[in-house]
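Colleague: Hints are included, so try docking the two chains, each in its own frame, into the full complex.
Here is how the chains run, residue by residue.
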Amino acid sequence: DGGITQSPKYLFRKEGQNVTLSCEQNLNHDAMYWYRQDPGQGLRLIYYSQIVNDFQKGDIAEGYSVSREKKESFPLTVTSAQKNPTAFYLCASMGPGNTIYFGEGSWLTVV
Amino acid sequence: QQQVKQSPQSLIVQKGGISIINCAYENTAFDYFPWYQQFPGKGPALLIAIRPDVSEKKEGRFTISFNKSAKQFSLHIMDSQPGDSATYFCAASMEYGNKLVFGAGTILRVKS
Chain A
1 DGGITQSPKY LFRKEGQNVT LSCEQNLNHD AMYWYRQDPG QGLRLIYYSQ IVNDFQKGDI
61 AEGYSVSREK KESFPLTVTS AQKNPTAFYL CASMGPGNTI YFGEGSWLTV V
Chain B
1 QQQVKQSPQS LIVQKGGISI INCAYENTAF DYFPWYQQFP GKGPALLIAI RPDVSEKKEG
61 RFTISFNKSA KQFSLHIMDS QPGDSATYFC AASMEYGNKL VFGAGTILRV KS
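For the record, the sequence lines run as chains A and B. Here the numbering used here is used: the first residue of the first sequence is 1, the next is one more, and so on. Here the numbering used here is used: the first residue of the second sequence is 1, the next is one more, and so on.
For the record, the hints were derived by calculation from the structure and aren't laboratory data. Treat the hints with care, since some could be wrong.
As the list claims (entries may be wrong) - Here are the computed lysine-lysine pairs in the DSS-like style, where the Cα-Cα straight-line distance is at most 27 Å:
hint, chain 1, residue 1, chain 2, residue 2
1, B, Lys58, A, Lys57
2, B, Lys99, B, Lys57
3, B, Lys99, A, Lys57
4, B, Lys5, B, Lys58
5, B, Lys71, B, Lys15
6, A, Lys71, B, Lys99
7, A, Lys9, B, Lys99
8, B, Lys42, A, Lys14
9, B, Lys99, B, Lys58
10, A, Lys57, A, Lys83
11, A, Lys71, A, Lys14
12, A, Lys14, A, Lys57
13, A, Lys70, B, Lys42
14, A, Lys9, A, Lys70
15, B, Lys111, B, Lys58
16, B, Lys99, A, Lys70
17, A, Lys9, B, Lys42
18, B, Lys57, B, Lys15
19, A, Lys70, A, Lys57
20, B, Lys15, B, Lys42
21, B, Lys5, B, Lys71
22, A, Lys83, B, Lys99
23, A, Lys83, B, Lys42
24, A, Lys71, B, Lys42
25, B, Lys5, A, Lys57
Just chain B, with the same shape it has in the complex (with noise of 0.2 Å):
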């Protein structure tokens, strides 16, 4: 079965500090992960994506770490802000973005 399993389910970070949040997936035909960041009573909006290809992708404060042999992926949130307070969702795919499957969710606190 496609999985896609997110870790933790929740985090409290203190201003300034780093938020990391993990996902590992099963399926090797996966060739897209993509993060999303959703406000409360809001849809996602794409944050940074990566393909295995690549080990590590960098946008600003965010970062993608891909780990192929161990099929686990990361997002780091640098210097994180009270503004990043959100439910950030990892998500896979076989066909380059078609039929998205989702982690469960991270909702991220940042405390001032």
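Extracted from the complex, chain A is given alone in its bound form (with noise of 0.2 Å):
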């Protein structure tokens, strides 16, 4: 099946621990995107990359970082310099007409 897959889909973290989570396309889109998602509060953007080797900073890239070596993937990481991780971490890609689709998505928990 064609899509976005994210794993895992539930990651604890310790404190002062970094964490990946993996995002993976086959659907050849070259725009992918990370979203954080707490509650009441929307989707908020922490990283974009249009093309492979290339990532932008989105509104709240403080405490994450990104890379794009593939255009089928693009891993986030949780660092420890991110006080307040504990959200839902969604995985998207732009598709034609410039329709955004989302993965699944992954929970993260500080413990």
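Modeller: Listed below in structure tokens is the structure:
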């Protein structure tokens, strides 16, 4: 099936630990995005990438890092510098008509 | 600052009724206004979208009304069904879908 696959679905992070969320797409889309979702605040853009080996900061990039070594993959690392990382993380890509498609999301909890 | 304000925060509608969700934006450079539907634990999915050269767009039971002078747009769900119960997000962007700015979301519950 074509789509966006995020893993893991649930992840727990200890204080001071870096964790990486995986995002893979087989839709052949150039642009990919990472959003963070908190209750009552909608979706906020963390990072986005329009082509391989290039990415830009979104509105809340502090404490996060990304890479785009392959067109299909856009992993997000939540570093220890992110003081409040507990949230639902959504990966997305842009398809025909500039429609943005989302993955199923990953829940990150600090323990 | 780019912002999209969405209301109400939550909405309860009887089956068969009309659900109305409103959004207002500030940046007049926005030129693409989609609505997304999200079920619990899932990623949002595009429902319907409009550009400012059109005042209304209808797809099945879902209609977007757009008021450019007031900088407002709204989603109307006709004949609301329990299966429509979800969170709805409005959004806006300046580059035809690149870098969407989202509203805070509206939790819709349709009572059967």
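Colleague: Against the structure, test the hints numbered earlier, and report the numbers of the ones violated in rising order.
Modeller: Of the numbered hints given earlier, those the structure breaks are 1, 5, 11, listed in rising order.
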